[in-house]
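*Asks:* Two chains, two frames, a set of hints: combine them into the complex.
Residue numbers (the working numbering), protein chains in the order written: chain A, 1 to 422; chain B, 1 to 82.
Keep in mind that the hints are not guaranteed to be accurate.
Using 25 Å as the maximum straight-line C-alpha spacing, the simulated SDA-like pairs for lysine to any residue come out as follows [to be verified]:
id	chain 1	residue 1	chain 2	residue 2
1	A	Lys143	B	Leu28
2	A	Lys53	B	Ala18
3	A	Lys135	B	Arg79
4	A	Lys50	B	Gly19
5	A	Lys50	B	Pro17
6	A	Lys135	B	Leu71
7	A	Lys50	B	Gly50
Since the hints were made in silico from the structure, they are not lab data.
Just so we're clear, the structure is a prediction, and the values are computed from it rather than from any experiment.
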Amino acid sequence: MRERRADVVVVGAGPAGIAAAVRAAERGRRVLVLDDNADAGGQIWRAERKRAKPVSEAAPWFAHLASSVGVELVCGARVVDRAGDGLLVELRGNVERVCFERLILATGARERFLPFPGWTLPNVVGAGGLQAMVKGGLPIEGKRVVVAGSGPLLLAVAAYLRRRGAHIAFIAEQTHWSRLVGFAARVARSGARLRQALALGGTLAGVPFLANAWPVAAEGTSALEGVVLQTPRGRRRLACDYLACGFGLLPNLEVAMLLGCAVRDGAVAVDERQRTTIDGVFAAGEATGIGGLELSLVEGEIAGYVAAGCEREAQRLYAQRAQARGFARALAHAFELRDELRELAEAQTIVCRCEDVTYERLARHSTWRSAKLHTRCGMGACQGRICGGAAEFLFGWRNEATRPPVFPIRIAALTAPYEDMS
Amino acid sequence: MPERIALTVNGQRVNVPAGSTVLAALTLAGASACRRSVTGQPRGALCGMGVCFECRVTIDGVAHRRSCQILCEQGMEVRTDA
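Chain B with its partners taken away, still in its complex shape (with noise of 0.2 Å):
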């Protein structure tokens, strides 16, 4: 059995396989933004490849951390901006 991580989004408890992205926890627990604009539009992923800085979330209370290039660990806490 592949190994599941537990974490919160926005306080929600998601599971993920081991290996899933930030990105992928903040999808299945249904969030599509993951931060405001400056004009407060909401924003999700965009290049998918660490380029577009479009995804950042609040992680374990480090903000502005790109959700498609981190990897899910046990007990992370993930805030969306949105």
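The following block holds chain A by itself, in its conformation from the complex (with noise of 0.2 Å):
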């Protein structure tokens, strides 16, 4: 088997793990980042890299991950499990093992999904799902779409599509008026922040915009043809080709998992110089807490100084950090989930996607281990990342341990270096 060997190994290639990448770097270390996707940036930077003028705030960060000297990017690269005391990592259908000194987790958020009648259908999708499919290709020019959900997200999304031909025909945030105003008074106290705001608004110019709005049924019959809102004025039918929902974020935990780090608040736990609970091992970003780009930017860069062992310039940057981590927490009371919203199932919608199981059956169940053993709900392809997020928040059950493989491979590539040895 392969093995590859840095000073420092990074998880994950968006804004934190960058950060994290070039200061460990700029420190002289030998710095391996591995990602999953096609190329660096995470999803707020997708395809952002090979652009003639990436937007702004990735710009220098690009450039300084270009002229970092010992950084090393291998992209299209998953870690599948443990290896020793070193990670197992699939790469173009082959496996390597990545050994390190210090291990920087950097693995981001995904969108969390909520079930509700006909939200299995094609053309339903997540919201920052299509913008990252649009990036990659996908003709939006002159579709209909409706954006829905919760999260600044949904409108960043929105204004994305817009500038590429797509009709935006309603955005339905579930949060209540007074919340989001109370938050749109945060944002203006940051030039930066309202700035990006206002840009948004001139984009969006025009859009019908609804708070304490939620989508209740997709409707079609072999892929998506209207949506039912539900809206403080009753319930609303439009006819689109795509919904776009998402209901927040959530951190990406199963590299951690895998590893042993403690968890807590559906986060990787880190102390205040950005360490797990395992020694040796950070987290940065995302994973640790939703908190947009710029607690990912410094958690980032924090993590890439200690690991590097330069805890001095690390402090130096811990008051920014305590700033985006109050901005963090205002984001999360703006947009916290309404109850309402766990009303959406009915008996037979499906909640889990990959098995196909229904409400129904799952609400017979007390906990997450009792449903997955009787229904098979979070045993599929997607390993419970779809539906434990959904199951969190209908039923209050967490996933507290995750099982390697953590994503699943061909068994060829798994027993290929093993085959020498019988």
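*Replies:* Here's what the structure looks like:
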């Protein structure tokens, strides 16, 4: 089996991972960055690196990354298991062992999806998901899109899609107006955030937007044809080609859990130096709790410095991190999911899409483990990554364990390294 | 001129710009569903970031490949299971 070795290995090449790699390399460490995607940037900076003019926050970090001596970036690489005190990584159908002195987990987040009747129809997609698909070449010009769910991501996605020629038929934000107003007041206190918000507002001028509104059903036969929204003025039916919906973000915990790092409140637990509970393993960015770009960058920088043994540089960033965490708390409060959303799934609504397990079958159980054992919920290809977030919100269950391989892998790839031994 | 890539989706020829995902090619070929679920329902891509596995298709004879994560290559043969 091929083996790679570096002083610092970073898992995830989004903002936190890039910042960590840049800072550790700047202090003379040999750094290896692994990412599952086709290129660096994570979800937020997806497809930005190869653009002539990447978005303004990304440009300096991509430049730092390109000019860093001693950083190797490997894309298309997925961590599937541990291998001794290293990681087992799948890369283009082969497995390799990756060894490190220090490991920084910057595994980012995914969208939370909530089940409602019809949500399994083709063309009901994630909000960030649709943006990612369009960046990958999915044609969106002239398509009617309803954006629904919760969080500032909805507006960013709607603005992006509109610039690419989509017709944004409606934006439905589940939270209360009063909370939105409070959040807007906070955004207005930061010049940079206010400028971003105003730019978004400009792009979205004329698009219908409502708070206290959410999807209750997606309709169609073989694919989506329309959506029913609950609004303060009653139910409203809209025809559309895509329903882009996301109910906030969830940290990706699988690799951290595989290594035995403690998880607290659904995020990787870290101390002030971004160290996890496992010696030599750090975590930064959305994996440690949803906080947005600024927090991810500063946490990544701190993790990179500390992993390289430069405590003093890290400490200078603590105040900046504390400020960003304050914003993260405001974000969580403003877009907290309302109780009515727990009522969206009907008895026959599928919750686990891999194994087609309905709400009714899950509701008979009192724990995630019991539901898994009896219904196969969370045991399909996604390994509970989608239904786990829904089950947590609907039933209060939490997945406390993960089991390797943390991503499906071909048996041939997994056994190849051992064939010589037989 | 950006490079174009020619591939087939369920036997139908599709041309896409270089850098497009297999999912984009499926959509251009008019296939909204990628697979059938265990109870036979049509399913299409959901998460767009390689997590949900709903976008699985067969590429060059290899099943269960995530079409949202894989870039198109010249001559690829893609089959949906829908």
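*Asks:* Sort out which numbered hints this structure fails and list those numbers smallest first.
*Replies:* Of the numbered hints given earlier, the structure breaks none, since each of them holds.
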